[in-house]
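Engineer: Here the structure of chain Z is known, so what remains is to put chains H and F in place on it, guided by the hints.
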Amino acid sequence: MAKSKMSKAKRRRIAVWSTFLVVALSIAMPLASYSVHWLGMTAVAQDAKAVENPRSGFWKEIRQGTSGYSAVTGAEANVLMQSTANDWRNFKESPLLSKLPWVIVGMAVLLLLYHVLHGKNKLDSGVRSGRVVPRWSYFERLVHWVTAISFIALSITGISMLLGKKLLIPLLGKAGFAGWASVSISVHNVIGPIFTVGIVLMIVMWIWHNFPTMTDLRWFAKGGGLFTKNHPSAGRMNGGEKVWFWLLATLGVAVCISGLVLVAPMYPQIQIPGVELVRSMMQQASMIHVIAGVIWTAIALGHIYIGTAGTEGAFEGMSTGYVSEEWARQHHDLWYEKMARKGKIIDVGEARGPNPGYGHQQPRSSASSTS
Amino acid sequence: MKLKKKGSVDSQNNSKNALLGDAVNRRTFLKNSGITAGGAALAFGGGTSMLKKAQAASTSPQPGVKTDVIRSVCTHCSVGCGVMAEVQNGVWTGQEPDYDSPINMGAHCAKGASVREHGHGERRLKYPMKLVDGKWTKVSWDQAIDDIGDKMLKIREESSSDSVYWLGSAKFNNEQAYLFRKFAALWGTNNVDHQARICHSTTVAGVANTWGYGAMTNSYNDMQNSKAMFFIGSNAAEAHPVAMQHILKAKENGSKLIVVDPRFTRTAAHSDQYIQMRPGSDVAVIWGMLWHVFENGWEDKTFIQQRVYGMDEIREEVAKWNPAECERVSGIPEKDVKQAAQTMAENRPGTIVWCMGGTQHTIGNNNTRAYCILQLALGNMGVSGGGANIFRGHDNVQGATDMCVLSHSLPGYFGLSGGAWNHWASVWGLETDWIKNRFDPDAYETVGDKQVPPMNRPGMPVSRWIDGVLEDKENIAQKDNIRAMVLWGHAPNSQTRQPEMKQAMEKLDLLVVIDPYPTHTAILPDRKDGMYLLPACTQFETYGSVTASNRSLQWRDKVIEPLFESLPDHTIMYKFAKKFGIENELFKNIKVNGEEPVIEDITLEFNKGMWTIGYTGQSPDRIKDHMKHRATFNTTTLKAEGGPLDGEYYGLPWPCWGTADMKHPGTPNLYDTSKSVAEGGLNFRARYGVERNGVNLLAEGSYSVGAEIEDGYPEFTADMLKQLGWWEDLTAEEKTMAEGKNWKTDRSGGIQRVAIKHGCAPFGNAKARAVVWTFPDPVPVHREPLYTSRYDLVEDYPTVEDRKSHYRLPTRYASIQATDYSKDFPLIHTSGRLVEYEGGGDESRSNPWLAELQQDMFIEINPADANDNGIKHDAMVWLEGPEGGKLKAKAMVTDRVARGVVFTPFHFGGYYQGEDMLHKYPEGAAPYVRGDADNTTMTYGYDTVTQMQETKCSLCKITAA
Amino acid sequence: MARMKFLCDADRCIECNGCVTACKNEHEVPWGVNRRRVVTLDDGQLGEKSISVACMHCTDAPCQAVCPVDCFYTTDDGVVLHDKDLCIGCGYCFYACPFGAPQYPQQTSFGARGKMDKCTFCAGGPDESMSQAEYEKYGRNRIAEGSLPLCAEMCATKALIAGDGDEVADIYRERVLRRGGRPQTWGWETAYEG
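In order, the protein sequence lines correspond to chains Z, H and F. Heads up: the first sequence is residues 1 to 371, going by my numbering. Heads up: the second sequence is residues 1001 to 1961, going by my numbering. Heads up: the third sequence is residues 2001 to 2194, going by my numbering.
I should point out that these hints are in silico values taken from the structure, not numbers from a laboratory. Just to be clear, a hint being listed does not mean it is correct.
What the hints assert, rightly or not - So the derived label-pair ranges between C-beta atoms look like this:
hint	chain 1	residue 1	chain 2	residue 2	range
1	F	Ala2133	H	Asn1089	41 to 47 Å
2	Z	Gly74	F	Glu2167	31 to 37 Å
3	H	Ala1814	F	Leu2177	41 to 47 Å
4	Z	Gly74	H	Val1705	55 to 61 Å
5	H	Glu1313	F	Leu2177	44 to 50 Å
6	H	Asp1792	F	Ala2010	49 to 55 Å
7	Z	Ile203	F	Ala2144	53 to 59 Å
8	H	Gln1143	Z	Pro193	54 to 60 Å
9	F	Ala2010	H	Lys1624	37 to 43 Å
10	F	Ala2144	H	Ala1875	45 to 51 Å
Ideal Cβ placement from N, Cα and C applies to all residues, glycine included.
Just chain Z, with the same shape it has in the complex (with noise of 0.2 Å):
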């Protein structure tokens, strides 16, 4: 029994560590070209300015996208000249979108700062009694998992297509490119549906946890306790976490209707009774997708970081579904308290210093379970 037990544990570490990788991978690959491809990048955004298209002259009307009547059937066929075209080529080109993807990077950047200069967000006890409060369940773990997995590698796919031309062509040569993008957008094409079906889980399971109250104000005038000692007073959800869910909840869902809209193949196969999939809802799709998913990625590079290496005892959390008592003191003492009188704290018996690995803690009511 015993040894079986240290192989999940191993099993557990590896994972954990894997996950890691990947999130390093992800930032790590745009980010390296970025550095190499600097200059071309810039001249490019400023080619974009001189490409103007001149609106006057004749048949001004068609140029509006007018319709008429073709006997080549598939939607708008019939339009002769599609207005919104230019609008959206020039936002492709234009130095918004070019330079969006800094914030991916300057978000890395502030949380290494942090991470240097603040370093890890400790527990405050030092030592762990042994007891843990049961925080996640399986099923919110797995939902939590999946969406996450599969945020991770739409990030990486999604950044591949943003980027690749400029940064992963020169790396890969075109054909080497065309390979992974055509991975890339197959997965990104697949994954994305089963995102979508975590995220609306998630809103569902969480939505009555997330509603604010008078408590995250004052949580976050406190700064949610980053540059305190004294972290203020939270319940199972703390002000950052229900900003994180109301993200989620407003530009996940976002992108995820916006990357339906474009997933939706050479329209018109799929037909959503009532809804006219237009090349210009696929434009502004698209435009919403990649804005939304980028701002997000960055975010969630917080997320990330606070619940792993920016906090100890968080990741123990989502991976094992509990935390420590001390943990949930510091963290969520208004949670702690009402778990606390609904008796829910559960005395492991393996009290241990400080700085325990992940996932060493292993409740006996919930052996089974985490397995």
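Structural biologist: Coordinates of chains H and F only, in the frame set by chain Z:
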């Protein structure tokens, strides 16, 4: 600095800057990483190829393989566009524009540009099929011919030869058409007909009776010389798109284009003036215009005096059509009519163009004559840029008409008189009596006081064959009903009264379809047996001559061998002839290779008999020479400029007088007196006698250039030559043959040769007649359609009385018009063509390149009517006709049609009253696109002269489905 | 150096769809993919005009600008082509093209887009000219054979003209001079003056 690259992609070059280094080029990278194929598969993206592998392998051009370029002619409409087929190893791999053809100069419409699909033939009828217990069963050709032949011989025994109906086709080439008519004659019946009956029969009758020949007088190319172009009931942009090349060129040169049509057609969109008329009011429109012409003295008085008979009687009729009356009947305001008349008067020469919109009416013959009279009054006939440019429909409907695959005539419009039979019997090398014995000897009709047997009486027309089956046999002028029906290249959905046709098809003892496609016939009747489908090949799989609308003959070479088990039509005719034991007579002058008669021998045979319309000079060698040197012809005049054919007109447009040795250049514009007859000039034909009621019918002071008789003269006969002292110009041999003959029956061609030698037209020189005293309405008058939306006009413009026997059948007029249907069926139902499809559409709807463009049967309906009936654009609707038929189609709400008018295309089939009949087709032979046939609701109504069906003006009601 | 262009003379186009089927014919383009189409404006009303449209082979091609895998290239003749081996079917060119030229064959698995297909000006693609591979991916290479696009060559009324931009403009100018009216080189401003 843009990341853009000029020139072709070079992956080696491209990856030079890549971090992975130069060594990795695209292929090795992809191979090593397994990304290319694997990646694509993983990527769910599919392959890079557009094509299905099998298809690409079978019909794609192969590099490095010898390519033969074969010349043919498009089989879709009468324009006669040249087709250049590229063939590799017997596979049709490419189609190039035929820039050398003076007719189309490389151009094609949707149909012409897609003819290579004939080489795929995916949806063709592939094998002879027999209906056994309701299921299509493959049989051998020999068994099929045996079965069918035995049944026919039995019917012949029991009910006479007239109980088998041979329905031919305008898809035959000239040789097949001629052979088919001859075949029917030797079978012993005049129950033979083809689409021309329901296409331009009223034109042929009306026009031939006005000035001699019933064909397009000028040519598509010649329209470039027109100063004004008047289209009525013709939508050339969809029905004859390549003709528009010449028309738009004329327009760019300043010609005025007027379009009169119930619909604002694609042609109308290019017009200078568009006039929306009420369907069926053609005579009112023309007389309304003529009223202004006469009122303002715009008529060509000299022309009328010299070359037109009976214009005064026309004036009397036209006087009734003052602007108010014209507007009351046609709905066109005075200023529009006057403007059109003025444009025509001020821009001469002007041409008139009409098509089915004018012909397919119960008074179609009145319409066509009215059009002619307008042109006569304006003096627009017999001049380049003028004329009556009657656009025919099918690729060889002109030729098939000339070969008289018609129930009322023998080839060359000889008619069915004893003399006609004698003439052709002598050409065929047969005894007239032998042929006579093939016919039913009893007489069923009395003409004057003489009993005339079926051999000399017109058979039933294609428009009425269903009545030949269904009518009580006591009422029909032959021994028995039609019991066996052969639809040999005919789409039944192009005919009206579909529900009754279904009944007729079910009542028949034997129903045979011979066609490249199963056609609507395969699915219309509910039969268990007694039905056969025999696969004929298309014209690209055989060879022969074809006559375009402008009377030019062109030669098609064989592009590919017949696909699957299909056979050329003339081979199938041989098989039947052999079964009936008449092959020796039928092919007496024609060599037969195996079972395939030699086409050139057939051409040469009709060359020996078709003196009436000058199909005698176009020997196979000459036609082939024209195809070969077609680049030497001027694209406006169609005259060869230099080269071996210098001075000849492209395709030797008939009449090409005399024998081939005479080298007549063909006649580009009929009745054009500005040229000598020897150079293609002509005058109006003397066809109706020399005098009527004391008035001279011959031309007065008008004659073609160089004529030695400088006035009118009758048609040439041997006696006339003698009187003129020209008899001695004949050779001794010619004299023997010409003795007692006339220009039509002299098989030596001598009479024609000598007449032309003296500058005269062999057929005489007469006036055109504005009054056809042999027709029910000698002066064309307006009559309301049988099913009219304007019942208030019936009192003033009633139809004619019912007739007991019209082409052997009782025919109703007044008894139908006696009922007012316009209350229950308030909308006028008219029909027409789409550019993507042709005829019944079986061929074009089976061509995916065309079918993709028109996937649904539809009904054009005015927004006001749509609102009145609660119909939305693109919604399904029921259209019901007053005779009980109904059809379901998509509504197309459009201003194209006027309020009160609905339009349907007539190319759809494969559905019956809203139900898809896919299961009734032989497997794999159903067209890609199917829909309800618009003729399901089209009603009774037949022309008073030719039995043309009425498809342009019926009634209907529309309800949301 | 020739600069290939298409011009559709709206005063001549009769919407006969000859160009559409000529293209289908020449390249065996499958059902559902239409490299060329004819659009009729004000259908059924006075002023009705039809225009045949396909890839215009723009000077500064938007498809090329937005393609994430950079699969487009412009030939020396000014023809914009793409490499189907690189294309990933993302649809960006379809969003960016003012003329609606890019087409995607239907793919069954997951309903994903297939490789983009568009008018090649009958100039094939990056594979060896007139090879079987080129034919299967891009259709026939008429330019390499010394011909011009079949749609224009077969146009029923010579409304659609293809060829060197200067020559095309000359033909059109002559026509306009003869018939009067304003020249309307539809689409040129967007396609060739970027």
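Engineer: Now, for every hint given, state plainly whether the structure supports it.
Structural biologist: Hints versus structure:
Taking 41 to 47 Å as the suggested C-beta distance range, the pair F:Ala2133 and H:Asn1089 does not conform, at roughly 20 Å. The beta-carbon spacing between Z:Gly74 and F:Glu2167, approximately 33 Å, falls within the hinted interval of 31 to 37 Å. Hint check: H:Ala1814 to F:Leu2177, Cβ distance near 58 Å, so the stated range 41 to 47 Å is violated. For the pair Z:Gly74 and H:Val1705, the supplied restraint of 55 to 61 Å holds, since their beta-carbon distance comes to about 59 Å.
Range check, H:Glu1313 to F:Leu2177: Cβ separation about 48 Å, and the 44 to 50 Å hint holds. Evaluation of the 49 to 55 Å hint for H:Asp1792 and F:Ala2010 yields a failure: the beta carbon distance comes to about 43 Å. Between Z:Ile203 and F:Ala2144 the CB atoms are about 57 Å apart, so this pair conforms to the stated range of 53 to 59 Å. With their beta carbons about 59 Å apart, H:Gln1143 and Z:Pro193 fall inside the hinted range of 54 to 60 Å.
For F:Ala2010 and H:Lys1624, the Cβ-Cβ distance of about 40 Å falls inside the hinted range of 37 to 43 Å, so the restraint holds. Take F:Ala2144 and H:Ala1875: their Cβ atoms lie about 49 Å apart, and the range 45 to 51 Å holds.
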